[in-house]
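Working from the sequences, and respecting the hints, build out all of it.
There are 2 protein chains.
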Amino acid sequence: MAPEKRFLELWGIQADLAYGSAVLQWDQETYMPPEGAEARGKILATLAEIKHAKMVSSELKDAIEAAAEVAEAGSELEAQVLEARRIVEREAKIPAALAKALAEAESAGLVAWQNARKEADFALFRDSLAETVKLNQEKAAALAPDGNAYDAMLDLYEAGTTEAQLVPMFEELGATLAPMIQAVKDSGVVVDESPAQGHFDPVKQQEFTSMVAARMGYRFEGGRLDKTTHPFCTTFGSGDVRITWRYQEDDIRPALYGVMHEAGHGLYEQGVGPDVRTPIGNATGLGMHESQSRLWENMVGRSESFWEWAMPHFIAAFPDKQGLTPAAMQPALNTCRPSLIRVEADEATYNLHVAARFEIERKLFAGKVAVDDLPELWDQTYEDLLGVRATSASDGVLQDIHWAMGAFGYFPTYTIGNLICAQLFESAKAKLGDLDAMFREGEFAPLLGWLRENVHQHGKRYPTHKLVEMATGKPLSAGPLLDHLTGMANRVYGVPVAAK
Amino acid sequence: MAPEKRFLELWGIQADLAYGSAVLQWDQETYMPPEGAEARGKILATLAEIKHAKMVSSELKDAIEAAAEVAEAGSELEAQVLEARRIVEREAKIPAALAKALAEAESAGLVAWQNARKEADFALFRDSLAETVKLNQEKAAALAPDGNAYDAMLDLYEAGTTEAQLVPMFEELGATLAPMIQAVKDSGVVVDESPAQGHFDPVKQQEFTSMVAARMGYRFEGGRLDKTTHPFCTTFGSGDVRITWRYQEDDIRPALYGVMHEAGHGLYEQGVGPDVRTPIGNATGLGMHESQSRLWENMVGRSESFWEWAMPHFIAAFPDKQGLTPAAMQPALNTCRPSLIRVEADEATYNLHVAARFEIERKLFAGKVAVDDLPELWDQTYEDLLGVRATSASDGVLQDIHWAMGAFGYFPTYTIGNLICAQLFESAKAKLGDLDAMFREGEFAPLLGWLRENVHQHGKRYPTHKLVEMATGKPLSAGPLLDHLTGMANRVYGVPVAAK
Numbered sequence: 001m002a003p004e005k006r007f008l009e010l011w012g013i014q015a016d017l018a019y020g021s022a023v024l025q026w027d028q029e030t031y032m033p034p035e036g037a038e039a040r041g042k043i044l045a046t047l048a049e050i051k052h053a054k055m056v057s058s059e060l061k062d063a064i065e066a067a068a069e070v071a072e073a074g075s076e077l078e079a080q081v082l083e084a085r086r087i088v089e090r091e092a093k094i095p096a097a098l099a100k101a102l103a104e105a106e107s108a109g110l111v112a113w114q115n116a117r118k119e120a121d122f123a124l125f126r127d128s129l130a131e132t133v134k135l136n137q138e139k140a141a142a143l144a145p146d147g148n149a150y151d152a153m154l155d156l157y158e159a160g161t162t163e164a165q166l167v168p169m170f171e172e173l174g175a176t177l178a179p180m181i182q183a184v185k186d187s188g189v190v191v192d193e194s195p196a197q198g199h200f201d202p203v204k205q206q207e208f209t210s211m212v213a214a215r216m217g218y219r220f221e222g223g224r225l226d227k228t229t230h231p232f233c234t235t236f237g238s239g240d241v242r243i244t245w246r247y248q249e250d251d252i253r254p255a256l257y258g259v260m261h262e263a264g265h266g267l268y269e270q271g272v273g274p275d276v277r278t279p280i281g282n283a284t285g286l287g288m289h290e291s292q293s294r295l296w297e298n299m300v301g302r303s304e305s306f307w308e309w310a311m312p313h314f315i316a317a318f319p320d321k322q323g324l325t326p327a328a329m330q331p332a333l334n335t336c337r338p339s340l341i342r343v344e345a346d347e348a349t350y351n352l353h354v355a356a357r358f359e360i361e362r363k364l365f366a367g368k369v370a371v372d373d374l375p376e377l378w379d380q381t382y383e384d385l386l387g388v389r390a391t392s393a394s395d396g397v398l399q400d401i402h403w404a405m406g407a408f409g410y411f412p413t414y415t416i417g418n419l420i421c422a423q424l425f426e427s428a429k430a431k432l433g434d435l436d437a438m439f440r441e442g443e444f445a446p447l448l449g450w451l452r453e454n455v456h457q458h459g460k461r462y463p464t465h466k467l468v469e470m471a472t473g474k475p476l477s478a479g480p481l482l483d484h485l486t487g488m489a490n491r492v493y494g495v496p497v498a499a500k
Numbered sequence: 001m002a003p004e005k006r007f008l009e010l011w012g013i014q015a016d017l018a019y020g021s022a023v024l025q026w027d028q029e030t031y032m033p034p035e036g037a038e039a040r041g042k043i044l045a046t047l048a049e050i051k052h053a054k055m056v057s058s059e060l061k062d063a064i065e066a067a068a069e070v071a072e073a074g075s076e077l078e079a080q081v082l083e084a085r086r087i088v089e090r091e092a093k094i095p096a097a098l099a100k101a102l103a104e105a106e107s108a109g110l111v112a113w114q115n116a117r118k119e120a121d122f123a124l125f126r127d128s129l130a131e132t133v134k135l136n137q138e139k140a141a142a143l144a145p146d147g148n149a150y151d152a153m154l155d156l157y158e159a160g161t162t163e164a165q166l167v168p169m170f171e172e173l174g175a176t177l178a179p180m181i182q183a184v185k186d187s188g189v190v191v192d193e194s195p196a197q198g199h200f201d202p203v204k205q206q207e208f209t210s211m212v213a214a215r216m217g218y219r220f221e222g223g224r225l226d227k228t229t230h231p232f233c234t235t236f237g238s239g240d241v242r243i244t245w246r247y248q249e250d251d252i253r254p255a256l257y258g259v260m261h262e263a264g265h266g267l268y269e270q271g272v273g274p275d276v277r278t279p280i281g282n283a284t285g286l287g288m289h290e291s292q293s294r295l296w297e298n299m300v301g302r303s304e305s306f307w308e309w310a311m312p313h314f315i316a317a318f319p320d321k322q323g324l325t326p327a328a329m330q331p332a333l334n335t336c337r338p339s340l341i342r343v344e345a346d347e348a349t350y351n352l353h354v355a356a357r358f359e360i361e362r363k364l365f366a367g368k369v370a371v372d373d374l375p376e377l378w379d380q381t382y383e384d385l386l387g388v389r390a391t392s393a394s395d396g397v398l399q400d401i402h403w404a405m406g407a408f409g410y411f412p413t414y415t416i417g418n419l420i421c422a423q424l425f426e427s428a429k430a431k432l433g434d435l436d437a438m439f440r441e442g443e444f445a446p447l448l449g450w451l452r453e454n455v456h457q458h459g460k461r462y463p464t465h466k467l468v469e470m471a472t473g474k475p476l477s478a479g480p481l482l483d484h485l486t487g488m489a490n491r492v493y494g495v496p497v498a499a500k
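Chains as they are written, first to last, in my numbering: chain A, 1 to 500; chain B, 1 to 500.
Where hints are given, some of them may not hold.
Just so you know, same-sequence chains aren't split out, so a pair can sit in one copy or run between any two.
The calculated lysine-lysine pairs, modelled on DSS-like cross-linking and capped at a C-alpha distance of 25 Å, are [to be verified]: (1) K204 x K227; (2) K5 x K368; (3) K5 x K42; (4) K61 x K42; (5) K61 x K51; (6) K54 x K100; (7) K5 x K54; (8) K321 x K431; (9) K5 x K100; (10) K429 x K466; (11) K5 x K185; (12) K51 x K93; (13) K100 x K42; (14) K51 x K5; (15) K42 x K185; (16) K51 x K100; (17) K54 x K42; (18) K204 x K431; (19) K363 x K134; (20) K204 x K321.
Everything labelled a hint here was simulated from the structure, so no lab data went into it.
In structure tokens, the structure reads:
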């Protein structure tokens, strides 16, 4: 067998095991009966063990190197080889005993966190979190014996990202957003949110949001929408990219922006060019992924022009809203108000929630704070950055699932995604012309086409920063996002836009 | 590691791969979007290849033999070793190239069959079926080089069953049922089926049938009910046993008896005693499995006493049926009328549909007929046994999915199941007393308890025939089923019961 064929055949097994496990996890979140959890955990653990053993086998390593020898510079095969080698080398660095201990600690951590959150008692999570932190510090040391521990964590979610890059980025964001948020507060303007509130029948919410997703271009022939506690997007193959949602009966925003967000992820996955069973057949990183979800959610879904198209459909679904105008709706979708909970935060303050976590995580991995200090450090960081302080640990240090799952270094990808989103949207507008005029007609195909061509089709062929430059002609910067956010604060709250 | 621990650990991997694949297949039938089929096929093929490779590995073989050496006679470990050895030896007999060719032929066969059935044109299925038959004949030769080819097929679904056992069984059934069915026809009685017909809202059908399943004892905390084209029961672990259903809006019978049938299978799976990740942690065979589904569907669900409990619930769900009595309902559930389609056949004629397939399959595997002869042989056999002849191949030789999937030797397990069902029910009645009095009160726990104790808890510890004898004190015979069917024909059609 030709070396590249052998390599891709073995990699296809890796892909099949990953996608197969993803189906089992999707089912776990959607339809699995409660008593199925124990057996499901065993099946997933067995698949993970088989995948790991095949991943670090000499068989795969040899096949990668044999393919490397025949790969021409700049070829698709070279990109496949480089990505496969990166993943395999990373996996091989983690000792089996550590991998097992991590899986067990994260599984136990999830249970402890759920319990602690319910009881609003950090003490119930403390030991479990301390163990997860310790093991992840060991993991970081195994991955980068001589490097920065937090960089090793960041690299897991957005390859090549470093703490040194992120510090000035968050500083730049904070330097503009902190005074802007203060100015919004000082303006005394109180946004009327009632246009987005009321009573919304869940079945009608599903119909309306599904219609929006389909209009965006999300293919239900190769996807579906199901209810879960936490919405997500998951892929089992290019023809099977599923999204999930949740709703509130008294507010349309969680359902609508949740679905637009996940459908944005879904459009990326449905548009990936390279075969999904190859090493480059998926998104290039979590930041780029988040850019796609945020683009549809924020740049499209919160715009007045989108609502000029959507409003008649919205009113048809919810006749109580008869007479509501896009102009009256828009402020309710673009509030700016410091709050305690990240997942409920508005677009402007959201990045400060991420900045808070970044500050805490880098201290934790630098050994500058202990797990016992986290509740107080959390509250103090929120007070410093957002001017709010939680009265319950459930609204503070216990609010996110990430640390319980051992996902340290994940949060910054949310803000990287926001930056990329704004920069891509700016370029798309420059190229496509009057996007607002298209949105008013419910014409989203040109925008999707631009994203397909400049982002989706490439899969993992190029790293995030290179792909941003290719698509926008500029290195990634905070400018477009800050322009977008200050412009919105100006329109909604009358806050003057600071001179650049 | 102790030999038995090592053996069960390796077997657990087999179980996890099987249950994991079952989840993927369940999703394929319930929620997978149409474009997901291609990727799903690849994932399932990869899991099957991994499972096969581990099944025939020297690692597993050595572990089984090491465990065999420490297994005491009559112990649970001995039963585990014997079953594991049987399965592994069978799998090892199939050459890898043949296994691959079979999987491909069956996959192609399914598509060809669906197409041929839609077009009612056997010619579109002919080549594919010929290939599947040829490969299964090779499989039979590989499994039993010196034995009867059809016995090798039968053994796949009901271990130890032979053609020589089945010939007199079907003869005995035919000798009573053929004249009984003729007498029913001659009686001139036409059953009024309108009590089971009308308009039944699908949501209400789901609520009513789910309520019945729960009352039978099917645990929804460890199960669920979803819609599929063909109903089935599937297991992913002792806490996750799912059933599926379909409905007709104008007839309650497909939904109700479909759900009772699948819930009967589900009760067996939910009640298996040995750990489901061990070789004996499932049903002892397809015949015993079918006995459980048929027992709840036919012995319970079609009885007048069941309807004395169920009728108020039925009327509450479907107020059109106000005034309907159990006595008026019962004949509509116990008709006897030769028909063309097995899955729509009544309880009495059903076994003649199976007998027809048994006759055809044994001729096919004896090389006495060719694939080209099948359409005519099918129609002639139906005319001989049931007195009806299809005018379309879709209602004749193309009606079942089994041959397209390469499942030759499967059909007889349906009739074995009917025999076991009647014999078990007779014994349960003898032991528990007035079951009808219990049914009238909706009390099914005593019957389920008896089945749990005498069948379910044993899992695969004993072979089918031994388990029947243990439970009923007698070898399996056709007597109880014939008594049941002739008794029903007597009550519904007034046909005299022949002296034994």
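Against the structure, the hints come out as follows:
no.	hint	verdict
1	K204 x K227	both (14 Å within a copy, 22 Å between copies)
2	K5 x K368	neither (49 Å within a copy, 45 Å between copies)
3	K5 x K42	between (33 Å within a copy, 16 Å between copies)
4	K61 x K42	between (28 Å within a copy, 23 Å between copies)
5	K61 x K51	both (14 Å within a copy, 22 Å between copies)
6	K54 x K100	both (16 Å within a copy, 22 Å between copies)
7	K5 x K54	both (17 Å within a copy, 24 Å between copies)
8	K321 x K431	neither (36 Å within a copy, 66 Å between copies)
9	K5 x K100	between (32 Å within a copy, 19 Å between copies)
10	K429 x K466	within (20 Å within a copy, 76 Å between copies)
11	K5 x K185	neither (61 Å within a copy, 66 Å between copies)
12	K51 x K93	within (15 Å within a copy, 27 Å between copies)
13	K100 x K42	within (13 Å within a copy, 28 Å between copies)
14	K51 x K5	both (19 Å within a copy, 23 Å between copies)
15	K42 x K185	neither (51 Å within a copy, 56 Å between copies)
16	K51 x K100	both (13 Å within a copy, 22 Å between copies)
17	K54 x K42	both (18 Å within a copy, 17 Å between copies)
18	K204 x K431	neither (36 Å within a copy, 54 Å between copies)
19	K363 x K134	within (14 Å within a copy, 69 Å between copies)
20	K204 x K321	within (13 Å within a copy, 32 Å between copies)
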